[in-house]
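There are 4 protein chains.
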Amino acid sequence: MPTRVSVPRQSDDYTRDAASARRDFLKQQAGASLEHVGSYSFDPSVLPGNIEHFTGVAQVPLGIAGPLLVNGEHAQGEFYVPMATAEGTLVASYNRGMKLLHEAGGVKTTIMADRMQRAPAFLFEDARGARDFGEWLDEHFDEIREVAESTTKSGRQDIEQYSASRILYTRFNYTTGDAAGQNMTGKATQAACHWILEQYPAIDRFFLEGNFATDKKSSQINMLRTRGKRVVAEAIIPDALFQKIMHSSSELMYRARQVSNLGGFMSGVNNNGAHSANGITAMFIATGQDVANVAESSAAFTYAELRENGDYYYSVTIPSLIVGTYGGGTGLATQRECLELLGCYGKDKVRKFAEIVAATVLCGELSLGSAIVAEEWVDAHDAYGRNRP
Amino acid sequence: MPTRVSVPRQSDDYTRDAASARRDFLKQQAGASLEHVGSYSFDPSVLPGNIEHFTGVAQVPLGIAGPLLVNGEHAQGEFYVPMATAEGTLVASYNRGMKLLHEAGGVKTTIMADRMQRAPAFLFEDARGARDFGEWLDEHFDEIREVAESTTKSGRQDIEQYSASRILYTRFNYTTGDAAGQNMTGKATQAACHWILEQYPAIDRFFLEGNFATDKKSSQINMLRTRGKRVVAEAIIPDALFQKIMHSSSELMYRARQVSNLGGFMSGVNNNGAHSANGITAMFIATGQDVANVAESSAAFTYAELRENGDYYYSVTIPSLIVGTYGGGTGLATQRECLELLGCYGKDKVRKFAEIVAATVLCGELSLGSAIVAEEWVDAHDAYGRNRP
Amino acid sequence: MPTRVSVPRQSDDYTRDAASARRDFLKQQAGASLEHVGSYSFDPSVLPGNIEHFTGVAQVPLGIAGPLLVNGEHAQGEFYVPMATAEGTLVASYNRGMKLLHEAGGVKTTIMADRMQRAPAFLFEDARGARDFGEWLDEHFDEIREVAESTTKSGRQDIEQYSASRILYTRFNYTTGDAAGQNMTGKATQAACHWILEQYPAIDRFFLEGNFATDKKSSQINMLRTRGKRVVAEAIIPDALFQKIMHSSSELMYRARQVSNLGGFMSGVNNNGAHSANGITAMFIATGQDVANVAESSAAFTYAELRENGDYYYSVTIPSLIVGTYGGGTGLATQRECLELLGCYGKDKVRKFAEIVAATVLCGELSLGSAIVAEEWVDAHDAYGRNRP
Amino acid sequence: MPTRVSVPRQSDDYTRDAASARRDFLKQQAGASLEHVGSYSFDPSVLPGNIEHFTGVAQVPLGIAGPLLVNGEHAQGEFYVPMATAEGTLVASYNRGMKLLHEAGGVKTTIMADRMQRAPAFLFEDARGARDFGEWLDEHFDEIREVAESTTKSGRQDIEQYSASRILYTRFNYTTGDAAGQNMTGKATQAACHWILEQYPAIDRFFLEGNFATDKKSSQINMLRTRGKRVVAEAIIPDALFQKIMHSSSELMYRARQVSNLGGFMSGVNNNGAHSANGITAMFIATGQDVANVAESSAAFTYAELRENGDYYYSVTIPSLIVGTYGGGTGLATQRECLELLGCYGKDKVRKFAEIVAATVLCGELSLGSAIVAEEWVDAHDAYGRNRP
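Chains as they are written, first to last, in the working numbering: chain A, 1 to 389; chain B, 1 to 389; chain C, 1 to 389; chain D, 1 to 389.
Read the hints as simulated data drawn from the structure, not as lab findings.
Among these hints, one or two may not hold up.
For chains that are exact copies, the list does not tell them apart, and a pair is met inside one copy or across any two.
Stated by the list, open to error - Straight-line Cα separation of at most 25 Å, SDA-like style, residue types lysine to any residue; simulated pairs:
no., residue 1, residue 2
1, LYS244, ARG4
2, LYS27, THR175
3, LYS347, GLU73
4, LYS27, GLY343
5, LYS244, TYR313
6, LYS27, PHE42
7, LYS347, GLY31
8, LYS347, ASP12
9, LYS347, SER33
The shape of chain A in the complex, shown without the other chains:
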């Protein structure tokens, strides 16, 4: 076994010097130059809480799609949407969808629910112990909430219960303001659990997570019960617009949707739509979201109707959109600029941002969907998407 040489750290580790020293170390260890990685425009002193062993940056190309026209409750008007990606076609495709929806009068967006959770599991001697504890939890909810609130400014709470065997799985739900809120819910729930453990000696074992919040993982429970924001984006698009802009038709779009619905039901997919992950990921990277949440945020329900007059009612429901406009990476240099471009940086902006994301997703769904039915898809990728070194 080789002797393990740790990545070097300095007492003040968030400096250009410390980063540079690490790049030198890596050059020595692995023979790799990190010149471009070392090229960044901000002061590393802002980084504690965002990264350890800071060494430089990934420079991810950023394009702009838009204007996107949103008729939301929090987002209203036109937006130019920053998208960070290296996948050719992506920005062009979303842009095309935004053009279609702009002509159709914009995208209506609605936030249906908003809750972030941590999901501790409690074990008892037997199932009856789990059931009794469930009742106790209900009875002592006010005290538990008080303890949880002592650690955080998060708002409304409730506790869901799911039992199996001698285990009670719970979901402690919170509203989390403008933060995505995983950390604050973790802290609040830990505090609550410590209090519970003191009060309820019959608990045999306790784990702060029992795979019922499914942080960074897609799950039916979150698709049903919401994690983050549950957002719906809707639009009604006249057939003539499909013909004019998309070389498609509402009737053809609708037939393709039926085939995709059945295919997705049979294949066991978590999203019967097309590719919401593309738009979500590009916006998440651009705006400093926790990009790993794409795992959950990429679940979606698509529902369409072909109306008698040929209009196409089209909607996407994102049941687990996890976003913040405060905390996390949102305050970093380029990320903050991108949030500001959308008028979404800081306090009381998270719902506006969630609506813009959902509206963007809708545009991308119609664009890729149209391309598939118009058989332009592969050609578009061939024109835009080929990049060889």
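Given chain A's structure and the hints, the job is docking chains B, C and D onto it.
What follows is chains B, C and D alone, placed relative to chain A:
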């Protein structure tokens, strides 16, 4: 409806000038300065095929975890792993796991399968038509393969069939060399389908995608049948190491795993492990992967055993790891440097890279898992993960 | 197209004569004698509400397993369990499991939840309409309950909400006493919906079922949120008993369980155990349950622990056990006798019956599980299960 | 703990005397009379291989629906379908659907696939061991088939492989003639595995079932890859017939279908249709099928189209219909009569029977679907479905 003002483009659109003009335009339209976005170290002329409406970059902080010790078939030895993220704790947590696994002798990695697909759906007058066509597909496979190969250098192929109603859903599987390969499989499949449509007039309707490849979406079919690389990372960790490094024990880890297994089965999660998306996302951003593939690549199967001597056998199987070391964003400035840091840039490196990703994931699973059972988790996030502007 | 000759009916259609006339008709139409079908021991006048076009009976062989020792809250002591089946080995296998569990001190059973539902879906102009209606539902819950109660004696109620697109899916939950209760919940919910439709004109469309109660179908929602009874059966079995009675060991049982858990998670099964449907179906046929509910009732969560002393903690959780001891087929001749054999006929007996079913299931799981690990399985079927005409 | 008194057995245990002695024993032990249970019309000597501890019969009411008009490849013409159930409305509802489909010209049925499996799991030292073994399996397939065939007359075979961790899960697929075939596949696979274990010493552990055949349990793998028969039933129904017979319309049916599709996708149901389990169960009890297979056979894919002329294309795909016309309970007295009524008893009849089941299911789907949209549903149950003792 407002007059739509498109994002400005220039005849040579991949220049610093064109990008600068767009930033000026956005400042005018939205009042947002994009100074940091405009700070990048490479020549935009490399970008065609990666992005449209190039405006600048997202600078994503990059840290280094390691050394990671891998006993793979393609990756062997120590690696310093670049991770681009803004989530505090992430790099530190993976780094801690790498330390544990290094002392345990490293992570064994194995690629079990390798296939990328496009999934056209064919409709017929009735189910018998679909069944007949399925037989015809089998009989004419060699000709179909020849047509598909005429568009691409991709290798081995096969066609899976899944029927429902009057529809035959297919999966055209390919090996794709060092590229992730979605575009080349799309192109090859389109060519094959055009040939098929000419040969087989009974096809009533045809769509190039029927939700059976589930590109950018997680699905049971891909968890079962593989999309991209199916990789297993395994290790055997002595109990003493858990005690020493993780303030945990193999017995406690194992009990928590059982509770997570049942919780995940009940919650309908696509990953019974902890948080593979975190490591995968951070590596994907750093190395120019298509980050939206986190949607699929974050699925995983965890399997553990508590051996009689207290050793902990632990494994993660990633059934849909979609990676490339050629094409896409892999040739961009910082991205290429990060691949080179791993010795994974270019030809014949994709399997090595896949093994490093899987090994990294394993380290992160054991680190977060240990933190949860040792109840350090929230405290760690409180120390590292709080960043407020 | 042939002229359609309907099955003949008589003015008093529930008589031996009417049944006999139908058998004659079938002999004439299809040349088939139904002598044995015509052999039954009860007066057909009891059958209205149970069947139409009564023609005779299926005589399903009935065996007895037991004694089963139950330590329930409602079922206590020994029971001889009637099982109607034509699958050789089944009764013997459950009987063997009952012997094991009897020596182990019996099966502990616990009912965790109890709710039956009907799931109307409401459509609105847009998602906001659905959200507004959801709030209105909460506010007017007391009035809705009152209307629902006017049709039925069912007890506690609540309404769950799940939104997607412009649709609000709901679950109207009820307790239903000793009846399985699908019909009474249907009637109560229809009444409630008619009242709602009068009060809330913004409802665009309404369907009494929207695939969220999943009657006669297995679903994640019912596995999570319960349909019928959620019952846990638990036991602790010493290793010595496995060795003595099952030619197995707790350690081997446990290893097999881990492999089955992972296999089931990957295969997308709704039951990580062995074959609960076998015992449930045989008891359902014997006791006049609605046997089609096997579709839902066969879902299960198995959770096991190998304790330090070699004891095997084993549990089965049945999340959607749909049973009644009143109404439906429970009052028919043989069916009532079988319920009486268990002391479960009539009022206030449904929970006792649910516990006996769950305890029986547990015995069967351990028996088949042991046979598989002891490799007796195929041999047992070869000895008992071969019946050729 | 009470002294356990076993159910009494006799040296010749399949006699009226032995059964009577058991009824007496139960009367003594539990005070329950089993007079009706003791009333059966056949000689118990036929029962070895079907039941143990034979005590009598469950008399399940049997009604007839029809004529059902089938345009199958194996079933052609009119059939009077025996249904054993105690659920009021069921026979009437299927009968109504059969009337609709008769007027519409009948139900077209097609068997798409036919395979029964056993799914052994093999464990190795590590994942590479599992991969190597997978290759060995492919290479030695002919020898394995030969060994398996030595135990059974079953036909075509193949072996599917699914890997995770150090485990290779397999599915050994067989055609099984007119038998459902679980036992013969079990026996053939066991023989094959014993041969494999001799040949391949690197196998660390082996279990004959790893939850990948999911016998008696519903699973995505079986919905995708077929277990038993994969059957499609299709029909095209003019709008006028919906209006005339069902008090409904094709347009309303179609809208309800869309809502059910989305509801089912979100609720995680294994059947986006209505209630196929009802018809399948009633036919299974009547004809001596293994009724516990309802757990798997109740999965279904519904796909509908509203054609331009108002016609309604409607189809149901049953991916795991497990039926036999030979062996099991098919030769018992009433069961054989019911199979003979359909012309389906004995050799070379299983595909005909599968088609009749699927056609029956289609009729029931349209009947219940119509009732829901016409809001007759609850009223129908209120008229037919209320039976109180």
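Outcome of the hint check:
For the identical chains of this complex, LYS244 and ARG4 are inter-copy neighbours only, at 17 Å across copies versus 63 Å inside a copy, given an alpha-carbon limit of 25 Å. Proximity of LYS27 and THR175 under a CA criterion of 25 Å is satisfied in neither setting, with 46 Å inside one chain copy and 34 Å between copies. Within a single copy, LYS347 and GLU73 get their C-alpha atoms as close as 16 Å, which meets the 25 Å cut-off; across copies the closest is 50 Å, which misses it. In this assembly of identical chains, the alpha carbons of LYS27 and GLY343 lie at most 25 Å apart only when taken from different copies (12 Å versus 41 Å within one copy).
Taking identical chains as interchangeable, the C-alpha atoms of LYS244 and TYR313 lie at most 25 Å apart only when both belong to the same chain, with a minimum of 17 Å there against 30 Å between chains. Taking the shortest alpha-carbon separations for LYS27 and PHE42, both the intra-copy value of 23 Å and the inter-copy value of 20 Å come in at or below 25 Å. Taking the shortest alpha-carbon separations for LYS347 and GLY31, only the inter-copy value of 19 Å comes in at or below 25 Å, while the best intra-copy value is 45 Å. With identical chains, the CA atoms of LYS347 and ASP12 are never at most 25 Å apart, being 30 Å at best within one copy and 40 Å at best between copies.
With identical chains, the CA atoms of LYS347 and SER33 are at most 25 Å apart between copies only, with a shortest distance of 19 Å across copies and 40 Å within one.
Consistency note: the structure conflicts with the earlier hints numbered 2 and 8.
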